[in-house]
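Kindly produce the complete structure, drawing on both the sequences and the hints.
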Amino acid sequence: KRYTKAFLDKHPELKGKDLEITKEACELFKRQPVTVVNYLEGTRFTPVKHAGQASPYRYLLKPKAGGVAFVLAALGEQLDAVL
53 KRYTKAFLDK HPELKGKDLE ITKEACELFK RQPVTVVNYL EGTRFTPVKH AGQASPYRYL
113 LKPKAGGVAF VLAALGEQLD AVL
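Going by my numbering, the sequence shown opens with residue 53, and the numbers climb by one from there.
Calculated directly from the structure, the hints in this document are not laboratory data.
None of these values were measured; they are calculated from a predicted model.
All clues given are correct.
Taking CB as the label site, the calculated pair distances span: (1) G68 x V120: 11 to 21 Å; (2) L71 x L135: 21 to 31 Å; (3) L66 x T95: 11 to 21 Å; (4) Q130 x S107: 28 to 38 Å; (5) E65 x P108: 33 to 43 Å; (6) A106 x E79: 30 to 40 Å; (7) A77 x L135: 13 to 23 Å; (8) T98 x D70: 19 to 29 Å; (9) E72 x K116: 16 to 26 Å; (10) G94 x L127: 14 to 24 Å; (11) Q130 x G104: 35 to 45 Å; (12) K82 x A103: 34 to 44 Å; (13) A58 x V120: 18 to 28 Å.
No residue lacks a Cβ here, since even glycine has one placed at the ideal position from N, Cα and C.
Following this line, the structure appears as structure tokens:
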């Protein structure tokens with residue numbers, strides 16, 4: 053679960069919790085066959101976000117590599133393919 057910056061400002065004890073949950077999920081994925089779907093935009097598309105990024109894509113935000121890098125680091129050799 054992702055928290056907004058405003059929510060984390062009110063609840064700083066939850067900072068990093070999303071990474072902890074992702075790590076736990078990757079540990080589970082090591083023990084059973086799964087399909088990992090990662091949306092590279094990292095957030096929901098809105099016209100305001102699109103305009104703010106000056107994205108070169110008409111219907112997409114600029115991609116972010118953090119989530120993919122995390123999964124690759126956590127699962128590495130166990131991945132059969134990346135599309």
